[in-house]
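Peer 1: Sequence:
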Amino acid sequence: MQTTAGRLVRLGFSDGAGAERLLGELGPEAAGDVGLLDSLVATADPDLALASLNRLAERDPGVLGALRRDPGLRARLLGVLGVSAALGDHVARHPEHWHLLEEERATARPDEAELRAELLLAVGADPDDPEPRAADASTETLSALRVAYRGRLLHLAARDVTGEAALGEVTAELSALAGAALEAGLAVARSEQPESGAVRLAVIGMGKCGARELNYISDVDVIFVTEPRRTAAGTGDGTTGGTTGGTTGAADAVAEGAVDDTKAVQIATRLAQGMMRACSATTPEGALWEVDAALRPEGKAGPLVRTLASHQAYYRRWAKTWEFQALLKARPVAGDPELGGRYVAAMNEMVWQAATRENFVEDVQAMRRRVEAHVRAEEAERQIKLGPGGLRDVEFAVQLLQLVHGRLDPLLRRRATLPALAALSRGGYVGREDARALAEAYTFLRRVEHLLQLHRLRRTHVVPEGETELRRLGRGLGMTADPVGEFTARWRRHALEARRLHEKLFYRPLLQAVARLPESEDRLSTAAAQARLEALGYADPAGALRHIAALTTGVSRRAAIQRTLLPVMLGWFADAPDPDAGLLGFRQVSDKLGATPWYLRLLRDETAVASRLAHLLGTSRYVTGLLLHAPEAVALLGSDAELDPRRPGALLAEARATVARHPEHAEVAVAAVRALRRRELFRTAVADLARHIDIEQVGQALSTLNDVTVQAALEAAIAKVEMERRAPLGTRFTVIAMGRLGGVECSYGSDADVMFVHEPLPGVPEKDAADAAHAVANELRRLLALPAPDPPLTVDPDLRPEGRQGPLVRTLASYAAYYARWSSPWESQALLRARFCAGDAELGAGLLRLADPLRYPAAGVSDEAVLQIRKLKARMEAERLPRGADPALHTKLGRGGLSDVEWVAQLIQLRHAGRRPSLRTTRTLEALRAAVAEDLLAPADEEVLADAWRFASRIRDAIVLVRGRASDSIPNDVRERALIARALGYPPDGSEDFVDDYRRVTRRARQVVERVFYED
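Numbering (the numbering used here), first residue to last: 1 to 1016.
Keep in mind that a hint or two might mislead.
No farther apart than 20 Å at their CA atoms in a straight line, the calculated lysine to any residue pairs in the SDA-like style are these [said to hold, decoys possible]:
1) K892 <-> A946
2) K300 <-> P284
3) K873 <-> A888
4) K871 <-> W903
5) K320 <-> A294
6) K263 <-> L308
7) K873 <-> R1003
8) K873 <-> R1004
9) K767 <-> R726
10) K892 <-> R875
11) K592 <-> A675
12) K873 <-> D935
13) K300 <-> S310
14) K873 <-> L799
15) K767 <-> W826
For the record, the hints were derived by calculation from the structure and aren't laboratory data.
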């Protein structure tokens, strides 16, 4: 393929002539390789990638053929070469390392033990030795350590730049790699110290290393703690005896030949110094990084190593506030793990009491201001770590809140920033939207930090000013249309947001929402909106501008109020998962209600209502759809009390009154009832998304609403049938709830599973009564299935005897005859959910009395029936799961999902409810709790099963709320999955955590199912 310099420039190369020359030097086959050229163009810096590839190909020409054969290798290797000149230099010096990016091993994430073993082997130490000792401390050994370390760094960076490793994985692996290097450095130090076996030395990681959030190049902060070996003493040749736990003291017998504390500190200090040299010394392969022990007691003026008792004495008496803040991150990373664990445990007791110290909060704030003062003025605006809106803004705000509230709330005691921020949000100490914004800003800044440092493997936090460097950063973050402009806009937006929220959380906790906007944006103009929308990240700024113009154009009072509202509302929409949908929904609702006097006044005067509305419209298609057809329901947002589920009696009275207003028009009457249902669905969905009610309360509210809807529709259906027949119905009629409706566990997408029962009145021919009953059942189903703007309520009678092949309606006698002769175990199981729903309550009670001996057998269900139930469950797992569905992510039929939990509860009921009345409930969680009370299920098992049931139920509901339609599977689409995670309360980058949490919870539940249900 012939290339020209001009064409290469158009494709993305900066130096077209140089690129043409370099491609030619790779040979005609490479120059004509379209896949290679496409992959080069896709990198952050195509010129850099091509130059590094040329140098590598000179050392190992075989890499070109491998790149042609393996698209994954091509993406990973060129991706790294386009970001990091330093790793390009490394792989050119060590061409064997490009093989690390081939095939399955390229994507495998190493664990800490694997990294530790690899770096120890690099220095000639035995990874299985409790205190490994390197071959020597020569330059060759230190160089081997650096080569092995950078090989692992190359492997990680390749997964990072291709998106195969998330930020949390990258920082955790960098921290593990640093810990492994420290362990190898300590092994080198032991090779120089024949007395090393006389002491125990623990290396405590601090800062980002301790928190498992290290970046690519950083000083590694550590503290050293030592104690003499209290059992068999060091022998002088490096061999050691065993170790014992517990604190040191008079009760510990010092073995013959053991050293005292003073001598131990001297030996440990030499070991610590040797370890630091092993990591920071310059060799032909460069240095790793500086090991910084300045966070130790008394800083650089204090001893490098102390005993645990000396550390405790210092922190109890002399430590300053910032030192307790630093200890938040403390974690054993190398050396003696037992001693390190005791150190951290001892420090934690003091850390979480630090907030009670006098002037604690003021000290922390003053320290933050001192850090800012040390930033050079010419760099302040470009400093992503210490400058305004930088990483330290987020970290300090989070750490302060942790220290203040973590004393009484152990759930806040997290080392890493993002998990700590998520915990603060879940605990209510930080608003969910504020936490989201902070997490997004922090994640973006960390990714920028990584790209800056990867380029030369140098410690830097300053965004460059040159266009070439900015272009590489933007493209490295996936920005291709205008990488410089887009990167600069996103960086400034995130920095401003981080600073704003830092100020809000750190200095002005009572800041009102109106203060979020600069004064220049208190009033919205169309011209200002374009820049504002782009900065806020709207996906369709042009569409958003059209909506804004429609809302604000004109001289009416309505337009004037909108011009006041929208500057704040746009920020709230941007905080929501889907800003564009939020703004569109707001326009649609405003079009419906804009002329209503109270609507805009409510939003203007009640910022909490406006904020909640923005969040709902930008989160839930389901809620937006409900609101468009019941816009007056906005009034419910004014008070949390309005979100409480209404009492069943009040709902039923309103529904009956609605039907009574249309005695001769059943369709109109039921349409009005469905409008009532629409309003109550909105109330429940808002309360659900606001965490005002839990999942059990959601199920109860939805089930009650469905009961009321069926009752009102049944009364309308009976009236219509009687009017058409011009005679009384002639039979009593009742609706029995089954399935999730019977279990009072309805979700937003649930059908109404029912059975119909009738009983002819005295003197009415049985056929006439049966015809009338069938007419009522069919009319009920028809009325509730009529096209309407509200979510449907499908009445499903398929759980009746003989299913779809059986009669739609039966008498009590017919049910009794069927169950006496033909009933199977699955029908007994289905009847566990049966309860009265609507119609004649006395007749309903009669059916339930008939069902009780079947579902609550006095002697329990037979072994043969248990076997049939287990076989049926196994067959369902094998056959009913939709094709292509991931069993681990299917909330209903998947492993550890709803079906698993419900069948456990139902089998316990079938076996024992005949003798244990407390088990006679239609609700799954009530049955599990009763089983625990009856000593039929272990409390721990009930907790595991209930957690899985609640989580799966919440996910099913969240899917409907977000997508507007039901599904039982967690979606594969990354964006949809992220929206669902957000609706469940996870932070913006919490999609993977959400899936991991679900897998973990359901995996534990499945283990209980295997043991309790299948008795494996």
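Peer 1: Please work out if K300 and S310 have their alpha carbons no farther apart than 20 Å.
Peer 2: holds, 16 Å
Peer 1: Could you grab the alpha-carbon distance between K873 and R1004 and see if it respects the 20 Å cut-off?
Peer 2: holds, 19 Å
Peer 1: Do the alpha carbons of K320 and A294 lie within 20 Å of each other, as the hint requires?
Peer 2: Holds, at roughly 14 Å.
Peer 1: Would the pair K767 and W826 pass a check requiring their Cα atoms to be no farther apart than 20 Å?
Peer 2: Given that 20 Å is the threshold and the Cα spacing comes to 30 Å, the pair is violated.
Peer 1: Check whether the Cα positions of K767 and R726 lie no farther apart than 20 Å.
Peer 2: Satisfied, since the Cα-Cα distance of roughly 17 Å is no more than 20 Å.
Peer 1: Would the pair K300 and P284 pass a check requiring their Cα atoms to be no farther apart than 20 Å?
Peer 2: violated, 29 Å
Peer 1: Against the 20 Å threshold, does the CA-CA distance of K871 and W903 hold or violate the hint?
Peer 2: holds, 12 Å
Peer 1: Regarding the pair K892 and A946, is the alpha-carbon distance no greater than 20 Å?
Peer 2: holds, 14 Å
Peer 1: Is the hinted pair K892 and R875 satisfied, with a Cα-Cα distance of at most 20 Å?
Peer 2: holds, 15 Å
Peer 1: Tell me if the straight-line CA distance from K873 to A888 falls inside 20 Å.
Peer 2: The given pair, whose Cα atoms are some 17 Å apart, holds under the 20 Å limit.
Peer 1: Keeping to a limit of 20 Å between CA atoms, is the pair of K592 and A675 held or broken?
Peer 2: At roughly 16 Å apart (the allowed maximum being 20 Å), A675 and K592 satisfy the hint.
Peer 1: Take a quick look at whether K873 and R1003 sit within 20 Å of each other, Cα to Cα.
Peer 2: Holds, at about 18 Å.
Checked against the numbered hints given earlier, the structure breaks hints 2, 12 and 15 and satisfies all the rest.
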